[in-house]
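> The chain contents come next:
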Amino acid sequence: MTGAAVYSVVQRDLLYAVIGTGVISLILSILFLFLQAPDVALTEAAIGVALTTIIFIITIRNTVRYEEDSNRHSKPASK
Amino acid sequence: MEFKLFDLSIVEYAFFVTSVLIILIGLYAALVKKTLIKIVIGLSILDAGINLLLISIGYLKAGTAPIFSPALVKNMPLTLENIKKLSEGMVDPVPQALVLTAIVIGFGVTAVALSLVIRLYRHHHTLNIDEIKNLKW
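Chains as they are written, first to last, in our numbering: chain A, 1 to 79; chain B, 1001 to 1137.
Worth flagging that the hints you see were computed from the coordinates, not collected in a lab. Any given hint could turn out to be false.
Cut-off 16 angstroms, straight-line C-alpha distance, at most; resulting in silico cross-link-like pairs (EDC-like, lysine to aspartate or glutamate) [said to hold, decoys possible]:
1. Lys1084/B - Glu67/A
2. Lys1033/B - Glu1131/B
3. Lys1034/B - Asp39/A
4. Lys1061/B - Asp1130/B
5. Lys1033/B - Asp39/A
6. Lys1034/B - Asp1130/B
7. Lys1033/B - Asp1130/B
8. Lys1034/B - Asp13/A
9. Lys1061/B - Glu1081/B
10. Lys1033/B - Asp13/A
11. Lys1061/B - Glu1088/B
12. Lys1061/B - Asp13/A
13. Lys1034/B - Glu1131/B
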């Protein structure tokens, strides 16, 4: 789960990062099932895996898919 | 598995450490990243970590789910003493109700943030927060 979190933070392709957050929610709902919280696990599986991923994908479709290079603006302006 | 500190088992420590790590990763992404969608992804990860922390605080070792199912109460009249005896072996239901609410609220917060991201992209044609400088619309 921590690995999926690190993956979705460092991934530059935003679509793969969103799929990483879906994997986080899936593992989280399985952990809720082990922690004796079946109602929370059902809600997390429905909302976290399905709905959150869908609205992130709608946002990526309306904007850009790739993250910009973050150190492009860190250099001082030369003009 | 006899590692005891503050009267907690090693499984509960594993859950605490994992949830704190995920909270820190989400906080890093929300504070450091420059792309707006990455910031919203960081807030979502932070939300998941906090939910896991709350549920694992309410966990009781070898407890059952806090549901009075018919298999649990079979041929036992529901008097007050029987209910007390049955609910001693259950995990705490209060953090579960709280987290159930927090999941839905987190989804609403994510939806509002992403709609703001779409509006900002239509106005500025970029998602980089270094290039969105004006506060006027």
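> Each of the hints needs a verdict: does it hold here or not?
Right, here's what the structure says about each hint:
With a C-alpha separation of about 55 angstroms, the suggested pairing of Lys1084/B with Glu67/A is violated against the 16 angstroms cut-off. For the hint linking Lys1033/B to Glu1131/B, the alpha-carbon distance of about 14 angstroms falls within 16 angstroms, and the restraint holds. For the given pair, Lys1034/B sits about 36 angstroms from Asp39/A by alpha-carbon distance, which is inconsistent with the 16 angstroms threshold. Distance restraint check for Lys1061/B and Asp1130/B: the Cα-Cα separation of roughly 49 angstroms exceeds the 16 angstroms cut-off, and the hinted pair is therefore not satisfied.
For the proposed pair Lys1033/B and Asp39/A, the alpha carbon gap of about 34 angstroms is over 16 angstroms, so the pair is violated. A hinted pair counts as satisfied when its Cα atoms are at most 16 angstroms apart, and Lys1034/B with Asp1130/B qualifies at roughly 7 angstroms. Between Lys1033/B and Asp1130/B, the direct Cα distance comes to roughly 11 angstroms. Compliance with the 16 angstroms bound is thereby established for this hinted pair. Our distance criterion of 16 angstroms between C-alpha atoms is met by Lys1034/B and Asp13/A, whose separation comes to about 14 angstroms.
With a C-alpha separation of about 22 angstroms, the suggested pairing of Lys1061/B with Glu1081/B is violated against the 16 angstroms cut-off. Proposed proximity of Lys1033/B and Asp13/A is supported: the alpha carbons are some 14 angstroms apart, at most 16 angstroms. Distance check on the hinted pair: Lys1061/B and Glu1088/B sit about 12 angstroms apart at the alpha-carbon level, within 16 angstroms; holds. Between Lys1061/B and Asp13/A the alpha-carbon distance is near 41 angstroms, which puts this suggested pair outside the 16 angstroms criterion.
Proposed proximity of Lys1034/B and Glu1131/B is supported: the alpha carbons are some 10 angstroms apart, at most 16 angstroms.
Checked against the numbered hints given earlier, the structure breaks hints 1, 3, 4, 5, 9, 12 and satisfies all the rest.
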